[in-house]
Amino acid sequence: MTEYDADDTARPDPTAGAGDGWGLPVPEAEQPAKGPAPVTPADAADAARLVSFGLQPKLLPARDVEYGELLRRYRDDPAFARLADAVASGLGLVVLEVSTRAGMAVTAAEDSVFAVRMGDYARRASTDAGDRFLHGLAHLAVAAMAFPRPEDLADDGYIGRITVNGVDAFVRQACRRLEERAAEAGENTDPTSGAPGLEASWRVYARRSATGATKDARRLAGSTTGIIAKAVSFLVDSGFLQRTGDDAGGTYRTTARYQLQVRDMAGTAAMAELLELGVVPIADGSASLLPAEDTDDLDLVADAGLPFHSG
Amino acid sequence: MTRPAPGPAADEGLARRLRALACTAPLHDLDARKANLAGEYGVYAMAEVALAAIDLVTLHMDFDTGADHEQIVARLLPRIAAQAPRRPAAEHERVARWVLENLINVGSVDRGFRAVYGTFTADGDYVRRDYDFKLIEEVPGPGGTVYLRTTDEAVNVLVGALDTDVTSAQIAAEVKLEVLISRGRLADAQLAAEQARYRTVQYAETLRKTLDATRRNVRAVDWLRAVPDMIAEALDHVADRYRHENAILTNIRRARDEAETGNDPKTAEHKRRAAELVDIVKDCIRRHTQLQSRLLEAGPLFRAEQDRQAFAPPTAHAGLDLYGQLVAPVLPLPVEQSTRVTDAFFAKGTGLRTPTAVRVGDLVEMLLTPPQEREHLGAEMPEPDLIATPDDSRFSEEQLDAATALLTLPPDAPRRLSGLLAEARRQDPELPYLVALMAVHAASPPVGTAYRQGEEQLLFAVDDGTELVDAEFGGADLIVGTALLDAAGMAAERSEVA
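Keeping their order, the protein sequence lines are chains A and B. Residue 1785 is where the first sequence ends in our numbering, and the numbering goes up by one at each step. Residue 500 is where the second sequence ends in our numbering, and the numbering goes up by one at each step.
The set of hints was computed from the structure by calculation and includes no laboratory data. Among these hints, one or two may not hold up.
Per the computed footprint, the stretches of chain B lying under chain A, defined by three or more beta-carbons under 8 Å from a beta-carbon of chain A, are [unchecked claim]:
{"id": "1", "stretch": "326-333"}
{"id": "2", "stretch": "351-360"}
The calculated lysine to any residue pairs, modelled on SDA-like cross-linking and capped at a C-alpha distance of 20 Å, are [to be verified]:
{"id": "3", "chain 1": "A", "residue 1": "Lys1704", "chain 2": "B", "residue 2": "Thr356"}
{"id": "4", "chain 1": "A", "residue 1": "Lys1704", "chain 2": "B", "residue 2": "Val141"}
{"id": "5", "chain 1": "A", "residue 1": "Lys1704", "chain 2": "B", "residue 2": "Asp112"}
{"id": "6", "chain 1": "A", "residue 1": "Lys1704", "chain 2": "B", "residue 2": "Val111"}
{"id": "7", "chain 1": "A", "residue 1": "Lys1532", "chain 2": "B", "residue 2": "Thr356"}
{"id": "8", "chain 1": "A", "residue 1": "Lys1532", "chain 2": "B", "residue 2": "Thr358"}
{"id": "9", "chain 1": "B", "residue 1": "Lys284", "chain 2": "B", "residue 2": "Leu237"}
{"id": "10", "chain 1": "A", "residue 1": "Lys1704", "chain 2": "B", "residue 2": "Gly143"}
{"id": "11", "chain 1": "A", "residue 1": "Lys1704", "chain 2": "B", "residue 2": "Arg355"}
{"id": "12", "chain 1": "A", "residue 1": "Lys1532", "chain 2": "A", "residue 2": "Asp1630"}
{"id": "13", "chain 1": "A", "residue 1": "Lys1532", "chain 2": "B", "residue 2": "Arg355"}
{"id": "14", "chain 1": "B", "residue 1": "Lys284", "chain 2": "B", "residue 2": "Val240"}
To list a few chain B residues with every Cβ distance to chain A over 12 Å, as calculated [as the list claims (entries may be wrong)]:
{"id": "15", "residue": "Ala27"}
{"id": "16", "residue": "Ala277"}
{"id": "17", "residue": "Gln374"}
{"id": "18", "residue": "Glu382"}
{"id": "19", "residue": "Arg428"}
{"id": "20", "residue": "Pro447"}
{"id": "21", "residue": "Ala473"}
{"id": "22", "residue": "Ala485"}
Keep in mind that this is a model prediction, so the values were computed, not measured. Where a beta carbon is used, it is the ideal one built from N, C-alpha and C, also for glycine.
Given the sequences, and given the hints that come with them, work out the whole structure.
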């Protein structure tokens, strides 16, 4: 991670401060026509070039001189910055941050041509509700493991590390805890036959096998580790994770872009959806990491160590 | 609460028993479906093979890994072969694989089983429910390998004790064992010891999961009370079992010694059973040692993690708590609802993909390219080029045989080295060198090796101070002889020490 180490020292405050502000689409009234210097076609070409660099998420600014130059120009020249933002929003992109550490971090707006659709991502997901859920949950769980504490998600310098097997074990643990809680409460969690949509989510995960032997020694695609492995390799292609080793099903570390994406886009979108369902736990933003009150089931349950700070 | 069923407790008990019954169904199913296999498979008792497989997997489960697929197949073969000795070995292997694959249920996407049963709800409505379970599951091992583990359901089916408390069942089994041994009923004692071992495995498995979770997130765990209590409890358990199993070992030895005094034809059988019992108890002790070392690691790990996580400078603003605010609330929801949340996260969290624009020219080329053949077997191995190494040993095989024959002395008649050398010289001028070499080696005989391998005799040489008078050799005129060893006594002692 030499790139990021270098960035931390080289990153001046103006960029970091500006980062959040550029996340908004450019208001109509501030179009660059009002700027002191008129915009030339060459400027527009440069701005579009910068956006095109942003569309190659695995490209690192430190590795490309032209990219670095354009980022500097974005920082120093407000008119150029507005122009680049306008190009991005015109293409259906949302600018998350523009800095030397993350580059031109753009992501697809809703219904943009750049957006990823679940049906294209996994074919079974469009027909099977269980698979659709599992693929989505895999992405959520990867993010939760990469940024286990709220501080980690907020801290720009934090680099998360995950393994495929670790993510699977983590979700399984959570499922098992729910299973035990239900058993303690004497609930019968077996779903009603013929109503798969009413099955509790954790059960869908718990009953899917973790792995499986295949004829050609590849990972079983339908197993939970197979689904998680698909998620992480997809995130690697998105420039969100970097592969660091093969231990425990593959080890990965996060990039600055992933943190931005989860913090500014995915986390809030999922929270909004959850709020609409009316099941969001109260979060006061501080000290949510205390042991839960209901510590009655701590005697040798399989999940005594699970984070039970959910509030 | 009005319901047509006898009562809530009875209905719940019924559901539990129905689920227990369902766990045995896959085993019965094996015998029912063996007729569908191509070939005459009626001779094989599939349920028996399946139970043996579950036994084997359970016994091979360790802390980190489970049982290896191939190893289980290999160990099943003797039993299958015994069921149909005249059939070819390939068929035996096919049966083993078929049973194992069916226990995993390779055909289904979940690799598990589903049974449907009915219960009454609190409102008195009758609903059918799906019960999903697994018997043998596949878990990831180190280096991307796949291991087998038996599930709790399978262990319960196997041990035949459904819905019982692990700790108390183990204590009960061990008390039973002690009583049985004191009455000299070793056959029953072995059964009880094996059951105790299944319990031990189950217990260790529970603890492994707990410790794994502890490692994952330090602050979320109550390190003030809950976890130290848990560790203390587990350490107590280990200490208790140590005492218990050492007592069992002593008891077994006593039982065996008593068995030896009698002139009973059953003596050998008793001794064999006692030896097996020693192995089982030793295995239990080994598992406890493993458990204990895990327990001792927990404390230092907590302190290291605490240094890393809790004492870092706090950040200015707290962010979103992904686990607490998203994952944890989503998991209990019905799939219908939770899919909306995961879909939202997926849509915004996967980043972007630049759409690929297809050119007709490329398309034609792509469609016309023949699919690449997948190599199943990898590259062909080159035939190894073997070169015969020249035989440069000093002595030939015949010379070694001659020297061994010369040194095969009756135990009651040791000989002087000078005499042996003279006799060897008469046969072959080179032979004395080999005889002298072997005699010198015998001066420091490999007693330890002979003891371990249970040899019955051993060549030895002693120097009594007499000088060797010989044209080619100098030194002491050794006395060379053969010592008889008490092989049976040593074997008994070995198992005692072990």
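Now for the hints, and whether the structure bears them out:
1. 326-333: Contact hint for the stretch 326-333 of chain B vs chain A: holds, 8 residues under 8 Å.
2. 351-360: holds (count 7)
3. A:Lys1704 with B:Thr356: The given pair, whose Cα atoms are some 19 Å apart, holds under the 20 Å limit.
4. A:Lys1704 with B:Val141: 18 Å, holds
5. A:Lys1704 with B:Asp112: Roughly 17 Å between the alpha carbons, so the hint for lysine 1704 (chain A) and aspartate 112 (chain B) holds.
6. A:Lys1704 with B:Val111: Holds - the C-alpha atoms of valine 111 (chain B) and lysine 1704 (chain A) are around 17 Å apart, at most 20 Å.
7. A:Lys1532 with B:Thr356: With Cα atoms ~13 Å apart, lysine 1532 (chain A) and threonine 356 (chain B) stay inside 20 Å; holds.
8. A:Lys1532 with B:Thr358: 17 Å, holds
9. B:Lys284 with B:Leu237: Distance of about 18 Å is within 20 Å: holds.
10. A:Lys1704 with B:Gly143: Given that 20 Å is the threshold and the Cα spacing comes to 19 Å, the pair holds.
11. A:Lys1704 with B:Arg355: 15 Å, holds
12. A:Lys1532 with A:Asp1630: 19 Å, holds
13. A:Lys1532 with B:Arg355: Status holds; Cα separation ~12 Å.
14. B:Lys284 with B:Val240: 14 Å, holds
15. Ala27: The claim stands: alanine 27 (chain B) keeps its Cβ more than 12 Å from every Cβ of chain A (closest is about 15 Å).
16. Ala277: 34 Å, holds
17. Gln374: 14 Å, holds
18. Glu382: Nearest chain A Cβ is 18 Å from glutamate 382 (chain B), so the label holds.
19. Arg428: Non-interface label stands for arginine 428 (chain B): nearest chain A Cβ at 66 Å, farther than 12 Å.
20. Pro447: Its Cβ never comes within 12 Å of chain A, the nearest being 49 Å, so this holds.
21. Ala473: Non-interface label on alanine 473 (chain B) holds, nearest chain A Cβ at 68 Å vs cutoff 12 Å.
22. Ala485: 54 Å, holds
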